[in-house]
Amino acid sequence: AQSVSQHNHHVILSEAASLELGCNYSYGGTVNLFWYVQYPGQHLQLLLKYFSGDPLVKGIKGFEAEFIKSKFSFNLRKPSVQWSDTAEYFCAVTLNSGGYQKVTFGTGTKLQVIP
Amino acid sequence: EPEVTQTPSHQVTQMGQEVILRCVPISNHLYFYWYRQILGQKVEFLVSFYNNEISEKSEIFDDQFSVERPDGSNFTLKIRSTKLEDSAMYFCAVRDSLWDTQYFGPGTRLTVL
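Heads up: the sequence lines are chains Y and B, in that order. The first sequence begins at 36 in my numbering and counts up one residue at a time. The second sequence begins at 7 in my numbering and counts up one residue at a time.
So that you can see chain Y by itself, here it is in the shape it has in the complex:
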């Protein structure tokens, strides 16, 4: 079964600092990769996704992620965070093998941006 691990559980940054959140997955086959964000009191929203093609994907609000197949990683980055980026970030994977494709989530990283 596939699994997703996120290395940082809680990250505190000052505004304008750069962000990188780690994500590794374990599965031998082809996967689709996602980052979801959950702002305080809100529901899960899709930030970006990777299915195939260019391993550097750009999402909403200036976020990007890079798929490195050899490292089974899909790290999330943002050059300069804002206070409004305070949220919990979830890396997730589905199998790219047809079927009903349940989403497997990582444990999440809480990001706190200090003004």
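Calculated directly from the structure, the hints in this document are not laboratory data. Certain hints may be false.
[Unchecked claim] 25 Å max Cα-Cα, derived BS3-like pairs, lysine-lysine:
id, chain 1, residue 1, chain 2, residue 2
1, B, LYS48, Y, LYS106
2, Y, LYS84, B, LYS48
3, Y, LYS96, Y, LYS145
Values in this document were obtained by computation on a predicted structure and should not be read as measured data.
With the hints as your guide, set chain B onto chain Y.
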């Protein structure tokens, strides 16, 4: 992005009672899912539903749980006899078959006393 609404937003119930959580996708979708998130833990898959039947379920989804789409619109999750450990946020999701992406509703917070 497809819209999904869920009702109620918060449900408080006594242990042993039955609860029904509802999900209403705004657009037509074929694939439906329920997930839950116990406080402080990760989001976990419960069940997927396609063509009016369960297509996959996790070990969490035991005989106390059931899903149905009774009127072709609402997608419901029923817990027959709630336990304290059922307290969690329950998220409904729909899958955009064109882009192979799941979109989540706002969740129902279930509190079992």
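* Looking back at the numbered hints, which does the structure fail to meet, lowest number first? -> none
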